[in-house]
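The whole structure should be built from the sequences, with the hints applied where relevant.
Here my numbering is used: the first residue of the sequence shown is 3, the next is one more, and so on.
Every clue listed holds true.
Once the Cα atoms are required to be at most 16 Å apart in a straight line, the calculated EDC-like pairs of lysine to aspartate or glutamate come out as:
#1 Lys208 with Asp281
#2 Lys327 with Asp305
#3 Lys74 with Glu271
In case anyone wonders, no lab produced these hints; they're calculated from the structure.
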Amino acid sequence: MTGAYGGDVVVAQVLVSVWLLAWAIRSLARLSRGDRQTVLFVQLIFFFFFAVPQLLDLLLGAPVFDYQVGFKLAQFDTTTNLVYLAYIAAVPPMLSWFGGRARAQSQLAHLGEMQLAPWIRVASWGGLLLLPLAIVFAPAPEAYLRYATIVGEQASGYESYHPVVTLSATLAVIAAVLLITTRVTRPVERLLVSPFLVVALWVHGKRSVVALALLLLLYLLWLRGTLRGWRFIAAATAVTFAIGSFSYLYQTQVRRIGETAHRRESIQESDIYVNYRIDFGRDAITKQTIFAELNPAQLKVLDHRGQSLLFHATFFVPRRLWPDKPYPYAVYATAAMLRIPPRQLGWGVTTSWLEEAISNLGWLGLLVGPLVPALICAIGDRRDSQYVGLLTITVASLLLLVEATAFMPLLVLWAVLVIRRPRR
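See the structure below:
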């Protein structure tokens, strides 16, 4: 089942899928042996969100998009698909070459045996305590008694404030996982931390924070030496299954997707499959960007080069002081998908730095896109710090999954720690 893809594209999909699978197996094997390069985790994240969609196209068929007009324009365009496949085939070698040349040293091997620095412990508890404050100052705190308040009709009035809760919840998750997984943390402290973790997952209300918590747990247990060999492979498989299962429950129980499906509806047309492909794939949004580069008369994402980079550089400037300030990149990508003028809709399609770089820099973005997360991994590994390592794996992975606006404070914190901590 190959949808409307041409024969050349199908052959390329098969070859690239085998190539990317080989890179994923290589990364998994090296991690199971205790290799401490953070880029290996990023390689696995890349495989899941960029390579697996190609396998699904071959095995189940391409998703049938409905209102996603930009996606439909790009989906079966032969040149767009071949450029996309060449791009994702080049990403793993680039990540490995630029991001895997520095090896974290012995300090990372003893995270579980080390006492957390006092300032890290204080900062972690500070991150936990910020969460209840963010909830208390919400427009209607009692609304967070219901899970996923921001979803659907429950979102009214929360679009402007919920990012504060989201950021607080994300920081609380990182702090909680760090405190819980360190051996020197006393059992009573773990007991006190656990409710903050549960509340953070609850009020955040999105699948991404559950995935982040599980991936950080996997990373820290691996870093501590608990997961090695077949244990790591089994744990990674379990985490993948848990994320997929939770997403299915979220789709059907929270977002109510699939309730109106017809019995004769094919899997490619089903809302569940289409939404899975959008949520757990970055192929459609990347193809849309490539199509816009190839066919500027039919589709455009940004009004001019560097537009969303300008937003990142001035994210701290209030829009009331600069009414013409550029929007976050997701606003432009969503507008291109719907083929409407860019404007804030209260929601947006999930984007990735790998295609945002193309929109901002043109074809040069094909090089700069993978280069940025690779260099983050290389720089973070050279600092030989378990704290920097934790943020490095988080920031580099998130660059592949969402726009930088969604985790800008974490990116700034990573940069501060990298600058302040001297290389050893």
